[in-house]
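Please model the entire structure based on the sequences and the hints provided.
Protein chains: 4
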Amino acid sequence: MQTLITLDPAKPPEAQDGLVHNRWHPAIPMVATVQPGEAFVVHCLEWTGGQISNDDNAADIRDADLTRCHYLSGPIGIKGAQPGDLLVVDILDVGPWSANPWGFTGIFARENGGGLLTDFFPEARKACWDFQGIYASSRHIPGVRLAGMVHPGLMGCLPSEALLAEWNRREAALVATAPDRVPPLAHVPCAKTALLGRMPPQQAREAAREAARTIPPREHGGNCDIKNLTRGSRVYFPVYVPEAGLSVGDLHFSQGDGEITFCGAIEMGGWIALRVDLIKDGMALYDLTQPIFQTSPVEPRYDSHLVFEGISVDEQGRQFYLDAHVAYRRACMQAISYLKRFGYSGAQAYAILGAAPVEGRISSLVDVPNACATLWLPKGIFDFDITPATQGPIVQLMESDLASCS
Amino acid sequence: MQTLITLDPAKPPEAQDGLVHNRWHPAIPMVATVQPGEAFVVHCLEWTGGQISNDDNAADIRDADLTRCHYLSGPIGIKGAQPGDLLVVDILDVGPWSANPWGFTGIFARENGGGLLTDFFPEARKACWDFQGIYASSRHIPGVRLAGMVHPGLMGCLPSEALLAEWNRREAALVATAPDRVPPLAHVPCAKTALLGRMPPQQAREAAREAARTIPPREHGGNCDIKNLTRGSRVYFPVYVPEAGLSVGDLHFSQGDGEITFCGAIEMGGWIALRVDLIKDGMALYDLTQPIFQTSPVEPRYDSHLVFEGISVDEQGRQFYLDAHVAYRRACMQAISYLKRFGYSGAQAYAILGAAPVEGRISSLVDVPNACATLWLPKGIFDFDITPATQGPIVQLMESDLASCS
Amino acid sequence: MQTLITLDPAKPPEAQDGLVHNRWHPAIPMVATVQPGEAFVVHCLEWTGGQISNDDNAADIRDADLTRCHYLSGPIGIKGAQPGDLLVVDILDVGPWSANPWGFTGIFARENGGGLLTDFFPEARKACWDFQGIYASSRHIPGVRLAGMVHPGLMGCLPSEALLAEWNRREAALVATAPDRVPPLAHVPCAKTALLGRMPPQQAREAAREAARTIPPREHGGNCDIKNLTRGSRVYFPVYVPEAGLSVGDLHFSQGDGEITFCGAIEMGGWIALRVDLIKDGMALYDLTQPIFQTSPVEPRYDSHLVFEGISVDEQGRQFYLDAHVAYRRACMQAISYLKRFGYSGAQAYAILGAAPVEGRISSLVDVPNACATLWLPKGIFDFDITPATQGPIVQLMESDLASCS
Amino acid sequence: MQTLITLDPAKPPEAQDGLVHNRWHPAIPMVATVQPGEAFVVHCLEWTGGQISNDDNAADIRDADLTRCHYLSGPIGIKGAQPGDLLVVDILDVGPWSANPWGFTGIFARENGGGLLTDFFPEARKACWDFQGIYASSRHIPGVRLAGMVHPGLMGCLPSEALLAEWNRREAALVATAPDRVPPLAHVPCAKTALLGRMPPQQAREAAREAARTIPPREHGGNCDIKNLTRGSRVYFPVYVPEAGLSVGDLHFSQGDGEITFCGAIEMGGWIALRVDLIKDGMALYDLTQPIFQTSPVEPRYDSHLVFEGISVDEQGRQFYLDAHVAYRRACMQAISYLKRFGYSGAQAYAILGAAPVEGRISSLVDVPNACATLWLPKGIFDFDITPATQGPIVQLMESDLASCS
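Quick mapping for you: the protein sequence lines, in order, are chains A, B, C and D.
Residue 228 in this note's numbering sits at position 228 of the first sequence, and the numbers go up by one each step.
Residue 197 in this note's numbering sits at position 197 of the second sequence, and the numbers go up by one each step.
Residue 396 in this note's numbering sits at position 396 of the third sequence, and the numbers go up by one each step.
Residue 8 in this note's numbering sits at position 8 of the fourth sequence, and the numbers go up by one each step.
Don't take each hint at face value.
The list cannot tell twin chains apart, which means a pair is met if one copy fits it or any two copies do.
Said to hold, decoys possible - For lysine-lysine, the following BS3-like pairs were computed, each having C-alpha atoms within a straight-line distance of at most 25 Å:
no. : residue 1 : residue 2
1   : 280       : 192
2   : 340       : 379
3   : 11        : 192
4   : 280       : 11
5   : 79        : 280
6   : 11        : 379
7   : 192       : 379
8   : 340       : 11
9   : 11        : 79
10  : 379       : 280
Read the hints as simulated data drawn from the structure, not as lab findings.
This structure is a prediction, so every number in the text was calculated from the model and none was measured.
Dropping the structure here:
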């Protein structure tokens, strides 16, 4: 299988020969072209482009420049693809750089993006993970070893001009409702740090002012952070521009549903093997406006779960209306309280929920006024038994904690 | 195993010897008492108490009196249980009345409670399901046969007086923000139709004014509608009053995550076999304020899924902030559009999502401003292949539709 | 669903109105007839017809009269079935008598049939199991609770005269090679205890001399003891006589692959719900001479196994040639040795392997001269952790043992 | 992770610097030594050492020199290991050479070893497979794509002198019962082609006369060909010599239980990542004389199977006594007949059963005189639906067949 996009992880994103970009724009030139039916390998930088180190200090998380993220590889042209088609993408395999198999989970500080529980964990923290084949473990989180559900956090095709304009319109409107909020409600275009691949400099300066940030998932997929887009799955992406323009990045060794610490997955650089094909006019044939996917037969299988429930009443007893976000946050908080009883710090428990293959389910969403969300914690990732017992939890000796800023 | 609560499904709830109740209140008298370690069977009425018939007319769904729902069996006292304990409940088995194994899925009219997609499906509709052992199929929804993940939609312990007061406070406050909304934001106490089991009449008249409705899930569990509380699972419930007071009802033959048509599960009457035990002082030992549960080894497994993504941008292009509710609704709408391409009516597709064991996942909840939710449709429940293909969908001949009002 | 065959478990097999039989013969009259597409319930006696009691004495196992076994319900005629068709049988559900949910596992004495390990466990022993919903546990085997993979051990259609003659020919030829062996190599017809349903007495006396015993599985299925024929599975049976003549019995609450103690499953009486259909001329269409089946989506899942290997070298170091029987026996012996280290008696360990849902796999069968078979022990059925550890096994206090003869 | 043993797949086994060996002998020198707790990578040659080519001619299979097989990497010393210990081996990951991801399945000719069905398929045939990430497909077998359960076919520790002597004794005794048989009943030592790693030449000439062939699985594990020893599993091996001496080879991209075509797996060269540890005195602590293993959480998951039954009556109607080998062979033959109805040649069907992740189960082994074995065919590996249907099988156009000798 040919390596279509070759990167050098030792070099910064700007020195990768225009093969990476960090914004969405219809005019980013294709860096390579393939035929339907072709399989190939793509290198991917770690999402921050190398801002984070494998050490015991979270200052790099605290100071990470989010306006530079995410660094994506592509866009790749697919011969014959036209707007309205579905681009069929088989995720054949995905893995870390073999020379340096490590990754990290970050809890972002409130001032720098925060996370789902930023009100409770406002400071930057970091866990580094070592990969041994299919398994990851962290010196910062004792007692956990998990099988990776390796996946790209971010993948999708270039938007059309109309779609890009729509993104900018609606997101700017949201930001305008609370322009001074920290963190902001959305990330508007930011020309200064935009990298637009092989777009000619003059054109790029123009485009950077409107090119969309890569943070949110959108109609084209993008930063969906769906952990189940793992090796063996097949994704069907809407096509908006001729030749589609597929880009990919933000590889994760593992992630929990919701990716609750924001940089909650186990982030890594590495490679992904893809195969592409087309369903001509597929968007109309199947009435699709958003990607869909077929699950993989090789997802890690943790079949015994301890499940935490949450309802849409917040920590102060305020009642929300069918709010699955609040309900899931409450379920997460319950799981954190619970894990603390076994000896984990709150930050460790928070990081486990972000990084381990926990499932987040919308269990009921019509029983007014409460949504009920559930967080599914796989028991098999722990070295010890986390089942409730008559005698209460057996406290483990945790000899380390997440890295903080020193 | 003894049958602790014996009901007669042919009789109305009011004629069940005080063994059922349809409100939560700390003073409802126990109807039976068991020892920790005991196993027993409890009969349960269908949630509306018999308002719905196995026919081809949805008028009964349209006219159902929701203020009477849900009819619960209990409360059951557990010897030695004290506030602060965890009540351990094994769901040993659960099934429909053997003499009449059927159930129904209702789409409620907007005026009568609606559902997640009531803006798109505002009228009452009904599907009736026949059970054959572990399988259900419906004359109103051709091409589907599903293995039941049978479960009680509603289970929990009696609230304390303080907890009841808190429920009433916060829900009334929410209703007060939009008092004229149809459907209402929450269901406040409604004395007229309250049934308080074996509470003496005078006391019951008082209690009915404050007794909580059973519609929402709350801290004690209640109407969680978690499909995975199926036979073989073990639930840990907080205890708030002496002897706990466990009640159960709203049996479902199957349900999709979210129960999106509101009465979206396959509703049925029947029986449930339980075993109870105690973890003394368990709420503090494990720092729990909400039930948790251990999953079952006998959940039906449909391991190949087609997954639909949704983001928190509504149907008019309005941007919401990390709103998992909107995102899941959009994923549901995508799945409905998709299924319509195979010949289903919108109402049929909607009912499938409510009744089949679809999974609803919160895939990402930190990538501002979009939440990404996913709806997992099990391919194995369809008689035909729903996978996308180059030639497009093969339209099936659907010879029937959901019952409407006639 | 109608109950097609109603039995009274309190009465002996001979007093069941001709609805049961214990031999295979083409001339046994149908006791009921159904249409293709019909679903119905059939009662089944426990396989010995009530010879075994729920007590702590294995004398009944020692003295059980095997010539009377198994008692089958049927035969049931299927309208339109002809030789050469495939009879499609959906196992919709199956369960124990609700009034008395118990079962037993027997280790048969060598003189009375023995078992796979009769050389090591030559004496009669018994374990009784209590069922609580989907779970079984035994007062004779502490520390084990298992989810039932409930199934009929025996099911199949009546043989034709030619097929019956062939069975008798080949089995008699085998017995003739070692006519005095204890236990015998096969069970030849035994007229004295034959029960031939509603066959007229004169005809039955004739037929009893050639009617086949029910012990072995044969071309028609019969006593396959395949634990995976559980609720939700679909079996395709060859048809040999007009109207097929389906009979069923020998219900098991659970069983390990190989059913190694002979009466190794958890034996019980109860009921089974079936649905039948036909594939006309299916044997030729699919070139089948033996049943095949589609697996169920609701098998209990124990996904973490400790696996024991065995090779075809016997306990005295004798080398066998690709003998999967010897290899599996050795794997079983390894598992028993291992479990004894945790405090179980050999008989308890043997009974666990017969009754729990262990898997027996033929891992390699071509690497001359050794076959390699593996026994898969589900870790989740034990109350304690059976994983190997640095400090060695933690011995459990086992306060009881299997019943012996007293 | 360091690469402990580095091979050059372009060179013959003899030119690998003594890092490979093809016999078992206690005196083979360790090629490297590691500490308990260490993780490392080992390169492995394809089992024949490069005798087979990726082409459309099976002459290489016909002419393969089996006396040279298998080429193993090692032995690796583990510091502190002593006879009686258990060597804990985590299979962290395993994969093909990235530059050339292909493999082959061979049907060996009867004269050259044959296979389970050599009476029916006596001639050499070959299928070549291409790997695309986790998937394999073959130009010689249309309509199949399977997810690899990648594993080492062969792994184990060096035997002691006493154990080696015992192997030679019992295997020679078996061969002596039919010395002229083709293929032979077992493979006795063969000095001519023995490769004994870094053993000094003089010593090697002596040792070659008694060094055991690698074909059979034995007490130490060896050529078990257990497909479930895949990435994520943990194996516990008996230790017989100081420092254990772990060797590994015979990598398979996939294999069916039984590996029925003899070279039935998808054979490949590549690499394996291992981590080792010790349980001191583990053989006595757990009373183990054979390896055991813990299953992996990342096995490919094909959960819908079509299952074929076989009994121990051979193709000529001869009755065997509880012979699981014959029963499994009959189940395999049924599956082959069945698949031929969909358009496959017999050789193609045979190769599918050898190479795909089919399961082979010993379903019953006590119902005299018939064993019942089952072959589980995963439906998900086929591009078309293999379920039986009323209208019969839909014949696929198969545009190729296995390579034969040209």
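Here is what the structure says about each hint:
In this assembly of identical chains, residue 280 and residue 192 lie within 25 Å of each other by CA distance neither inside one copy nor across copies; the values are 38 Å within and 60 Å between. In this assembly of identical chains, residue 340 and residue 379 lie within 25 Å of each other by CA distance solely inside one copy; the values are 15 Å within and 27 Å between copies. Proximity of residue 11 and residue 192 under a CA criterion of 25 Å is satisfied intra-copy only: 20 Å inside one chain copy versus 54 Å between copies. Taking the shortest alpha-carbon separations for residue 280 and residue 11, neither the intra-copy value of 39 Å nor the inter-copy value of 47 Å comes in at or below 25 Å.
Taking the closest pair of Cα atoms, residue 79 and residue 280 come within 25 Å of each other only inside a single copy of the chain (12 Å); across copies the shortest separation is 49 Å, beyond that limit. In this assembly of identical chains, the alpha carbons of residue 11 and residue 379 never lie at most 25 Å apart, being 40 Å within a copy and 45 Å across copies at closest. In this homomeric assembly, residue 192 and residue 379 never come within 25 Å of each other (Cα to Cα): the closest approach is 45 Å inside a single copy and 47 Å across copies. When the C-alpha separation of residue 340 and residue 11 is checked against a cutoff of 25 Å, the pair qualifies neither within a copy, at 40 Å, nor between copies, at 50 Å.
Taking CA atoms no more than 25 Å apart as the test, residue 11 paired with residue 79 passes in neither setting, with 31 Å inside one copy and 40 Å between copies. Taking the shortest Cα distances, residue 379 and residue 280 sit within 25 Å of each other only across copies (23 Å), while inside one copy they are farther apart (44 Å).
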